[in-house]
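*Asks:* If you read the sequences in order, they're chains A and B. Mapped onto UniProt numbering, the consecutive letters of the first sequence carry residue numbers 1 to 396. Mapped onto UniProt numbering, the consecutive letters of the second sequence carry residue numbers 1 to 214.
For the record, the hints were derived by calculation from the structure and aren't laboratory data. Careful, some of the hints might be misleading.
[What the hints assert, rightly or not] Derived lysine-lysine pairs resembling BS3-like cross-links, with alpha carbons at most 30 Å apart:
#1 A:LYS233 / A:LYS245
#2 B:LYS191 / A:LYS245
#3 A:LYS183 / A:LYS255
#4 B:LYS18 / A:LYS233
#5 A:LYS255 / B:LYS18
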Amino acid sequence: MRLPTAPRAALERLRRDAVFGLAGIAVQFLALLVMSVPWLIYDQAASLPAVLLNVALPVGALAALSPAFTRTQRRRFAALRGVDIPGPARWGWQVRYNLLAAPAIACGGLLAWILAVVGLEGATVFLWRPLVGRPKFLPTTVVEAYLTALGLALLAVAYWLIGALARLDVRLATAMLGPDPAKELERRVEDLTERRAGTVDAADAERRRIERDLHDGAQQRLVSMAVNLGLAKATLSDLPEEARKVIDEAHREAKEAIEELNNLVRGLHPAVLDDRGLDAALSGLAARATLPVRLRVDLPERPAPTVEAVAYFVVSESLANVTKHARATEAEVTVVRTGEILRVVIADDGVGGADPGRGSGLTGLVGRVGSVDGTFDLSSPRGGPTVITVELPCVL
Amino acid sequence: MRAVIAEDSVLLRIGLVKVLQTAGFEVAAETDDADGLLAAVEEHRPDIAVVDVRMPPGFTDEGVHAALLIRRQWPDTAVLLLSQYVEERYAADLLTAHTSGIGYLLKQRVADVEDFIAALRRVASGGTALDPQVVAQLLVRRHRDPLDRLTPREREVLEAMAQGRSNAGIAEGLVISESAVAKHINSIFVKLDLPVADGDHRRVLAVLRFLGVG
Chain A
1 MRLPTAPRAA LERLRRDAVF GLAGIAVQFL ALLVMSVPWL IYDQAASLPA VLLNVALPVG
61 ALAALSPAFT RTQRRRFAAL RGVDIPGPAR WGWQVRYNLL AAPAIACGGL LAWILAVVGL
121 EGATVFLWRP LVGRPKFLPT TVVEAYLTAL GLALLAVAYW LIGALARLDV RLATAMLGPD
181 PAKELERRVE DLTERRAGTV DAADAERRRI ERDLHDGAQQ RLVSMAVNLG LAKATLSDLP
241 EEARKVIDEA HREAKEAIEE LNNLVRGLHP AVLDDRGLDA ALSGLAARAT LPVRLRVDLP
301 ERPAPTVEAV AYFVVSESLA NVTKHARATE AEVTVVRTGE ILRVVIADDG VGGADPGRGS
361 GLTGLVGRVG SVDGTFDLSS PRGGPTVITV ELPCVL
Chain B
1 MRAVIAEDSV LLRIGLVKVL QTAGFEVAAE TDDADGLLAA VEEHRPDIAV VDVRMPPGFT
61 DEGVHAALLI RRQWPDTAVL LLSQYVEERY AADLLTAHTS GIGYLLKQRV ADVEDFIAAL
121 RRVASGGTAL DPQVVAQLLV RRHRDPLDRL TPREREVLEA MAQGRSNAGI AEGLVISESA
181 VAKHINSIFV KLDLPVADGD HRRVLAVLRF LGVG
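Make a model of the complete structure from these sequences and hints.
*Replies:* Put into structure tokens, the structure is as follows:
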């Protein structure tokens, strides 16, 4: 018989919840087995200390066995519910789950099954009543109808209860058998930090790779081409005027292409940064700026490569911004390492009024600084001066 | 005149050979690493070695070390270093040790064939050639010091001196007369408190002071 989808899904859900709940009840029978051991030995224990002992001892034993129960419960959740509860569990909470929550839910489960059986009996009264004659408590068909309705209602309650208990169990177990939420959060933060560092490093490595590829490929070819054109220009003196012009033009364009490519690489990740560090890379940058830049770099030792790359990018973008927007006559770049902090300050004497919100290069800057947990501070009152202060952790 | 070339990029090496031959040099050997270079210099005793700074195996500053070694061991061989980028500290290292027969240029300058050949000849005959970029990079480090007392024009003259140009070359480059150049140079000597000595030595001292190594 093919049932329509919705009832079929409901039945399937009921089957899963029921199996899950019954397994939970079965685990509690294990617990009862442990509880009952002393009662088998002291069979006529009457004195108060003996009773206390008979209760305290098995409860203590259950508490001690809690990790084993937790493991069993975890397996039950994973196998029957598809819920993986990660460890490590906290002692107090797993004891509370195993001694209080799980037995309570098992009791609820038993109640649900009792309701289900009684409900089934009531609902099917029209089927079995003719077989047993007419008992005294069923004087009329009307009462039988009431009983059927009551039975159906109980079945509905049992159905609901089994589902609700399964859901409740999942929630309680995840909370009580799982790891400390604070620790879990800490672990997650650690995990994410690690992963982000990986992403940032990967992006960095990619920039380096592009730089190398450009250097080994296009750049070499362009230089070679410019050299050949230069040679032609220098040696072929008996060419017609027009041919000379064409060679001249080509030579100039080849040199411009080299310059453009160099600028691109400089904005990306220049080789000098890896080879010689921030100090050397920044002096190249400062020297190429279109306004006078004073540079002071004080680095007793090199920071992590990713941090160097970010610091370089910060100076590169900031100087580009100064050139484009600040109308400054000079700029000053200071890079100092104090302990584990790399401090990069770019100051100019321009018109100020820089706003990171207005989609300038500053937005990208803030993002890149944030990617290594750095801080970005901008002071740019109208009329200037503009000071950008970036602090980066030297070790990631 | 004879030259050896040490450059690991094949394309640029081919170009360099052509440029050197155009300039009238005989290329005695081509190598692609520092060891090969030293062996070639030992064997051929060339007038000049044209050397890439970044070579195998380390791809960092093998060329600079080789250049210092060559200048010490074979003083008759001048060295012209070529580099993808310039590092002013290399320039300082090179010029503190040797103030003649040393050049340090960006690779892309080779494309300006005529200027490059002029620099090549200057270095081969005991002069110096410093890339303008080195000079610019040195300027960004200058803070309050005697160099601040120079006028912009005097500074230009000093930059040109640092690049290794003669008075005539400076005059041509700045479009001023040679006597004006001489006047500026004298003024530079005075402002930098350089001792009275023979002209060439003072000139070198001025450049070294400018490079921050004197």
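*Asks:* Run every hint past the structure and note whether it holds.
*Replies:* Comparing the hints with the structure gives:
no. : hint                : in the structure
1   : A:LYS233 / A:LYS245 : holds (9 Å)
2   : B:LYS191 / A:LYS245 : violated (46 Å)
3   : A:LYS183 / A:LYS255 : violated (59 Å)
4   : B:LYS18 / A:LYS233  : holds (13 Å)
5   : A:LYS255 / B:LYS18  : holds (18 Å)
In terms of the numbered hints stated before, the structure departs from hints 2, 3, listed from lowest to highest.
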